[in-house]
Amino acid sequence: MQRLITFFLILTFAAPVLHGAWWWPFGNDKNLVPAEIQTAEAKPYYEKAVEANSKGRLRRAAKNFEKVWEDYPGSDYAAESLFRYGEIKFNKKDWKNAYIAFYKLLQVYPDSPHFNQVVLYQFKVALANADGNGVRWAWIIPFRAYERAVTYFEVLIANAPYNDLAPLALMNVAKIHKHLGNTLENIDALDRLINLYPSSVLADDAYLQLAETYSNLADGALYDQGSTREAISYFQDFLVLFPSNEGVAKGEAGLNEMRNLHAKSRLVIGEYYYLHRNWYIAAEIFFNDAITIAPESESANLARLYLARIDEFKVKAAADPNYQPPRNTWGDLIFFWRERQSDLTRIDADAAAAKANAETSPASGNITTE
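Residues 1 to 370 in the numbering used here are what the sequence shown spells out, letter by letter.
Some hints could be false.
Once the Cα atoms are required to be at most 20 Å apart in a straight line, the calculated DMTMM-like pairs of lysine to aspartate or glutamate come out as [to be verified]:
hint, residue 1, residue 2
1, Lys67, Asp94
2, Lys316, Glu298
3, Lys314, Glu296
4, Lys63, Asp76
5, Lys124, Glu154
6, Lys55, Asp76
7, Lys314, Glu246
Quick caveat, the hints were computed from the structure, so don't treat them as lab data.
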């Protein structure tokens, strides 16, 4: 036992020395060997591989093809051997080794006549991983390798951005991220699709999906309307650019829904100024916005009623500088003696603005200075 341990220790320490002792007339880098010599030495292995492949002996064929492109990368047979090796692995559903072979082919031999075929194979490998076709975890449990599929699709887009499969790969990336709940990545993929491939047959679907994604992010009238405005923009672009698309009805319904939501948000802000601040001119701006955004909505109808009251207040304020509009809130009714400011006159507007500025918290950025 002790002799065996001693032997392995000597072998471990001697390995680097023995490795450097091997003699190779052209140096350690096989790429330094002249292409003519590599081609001559690779020819018998290539012929064996072709013969084995034609007879259906795929394992021997793959082994000889692999030897050609690994040991003789500068030979005339290297690129073809790498392609044939990748095809054999692909047909066996050995997606990992097939993809590695095709990736190496595009990186090392970009002028290969099989370029478009390789891109198609890469696309199919990525699709197989996304569908879980022949994919196993620990060689037993089938599963869908979504993240690996996304990586393969993205590499395809980078290697062949002008190929017809590039926009389809981007759409698949978007669908996978949507399925996984990666909203930002989904939006990024769809945005790249419509900007990089505006003439693609998938552009219309990308616009509609972007609009629907942003509409799903809208939380309601009381929250930030950034997503609502983005949804409106993409719905409008979709309807203008693709008026004959079968999804026009869905686009129009989505646009109306988002417009109504945006109009309601403007109404809510207007009501705040009207009911709680007595800033009627400011409220008037938001009520008009609600009417402009969605003129047929319930929010627009309610905004018109508020505007009619404000017009009455304006007429009365013009006739009587001391005019005070009716009290709107329970606070105004309970504390009836409390002084109230409005913006119906220039003096009152300036006073209301000064009071609002003084009430603003330092966190908002507006700090009153002496």
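Now the hints, each set against the structure:
1. At roughly 18 Å between alpha-carbon atoms, Lys67 and Asp94 fall within 20 Å of each other, so this suggested pair holds.
2. Under the criterion of a C-alpha separation no larger than 20 Å, the hint pairing Lys316 with Glu298 is inconsistent with the structure, at around 28 Å.
3. Restraint check: the Cα-Cα separation between Lys314 and Glu296 comes to about 26 Å, which exceeds 20 Å; the hinted pair is violated.
4. Restraint check for Lys63 and Asp76: satisfied, since their Cα atoms lie roughly 18 Å apart, inside the 20 Å limit.
5. For a cut-off of 20 Å, the pair hint linking Lys124 to Glu154 stands: about 13 Å separates their Cα positions.
6. Taken as a hint, the Lys55 and Asp76 pair is broken in the structure, with Cα atoms around 23 Å apart against an allowance of 20 Å.
7. Distance hint between Lys314 and Glu246 is unfulfilled; the C-alpha atoms sit about 50 Å from each other, more than 20 Å.
Going through the hint list in order, the structure does not satisfy hints 2, 3, 6, 7.
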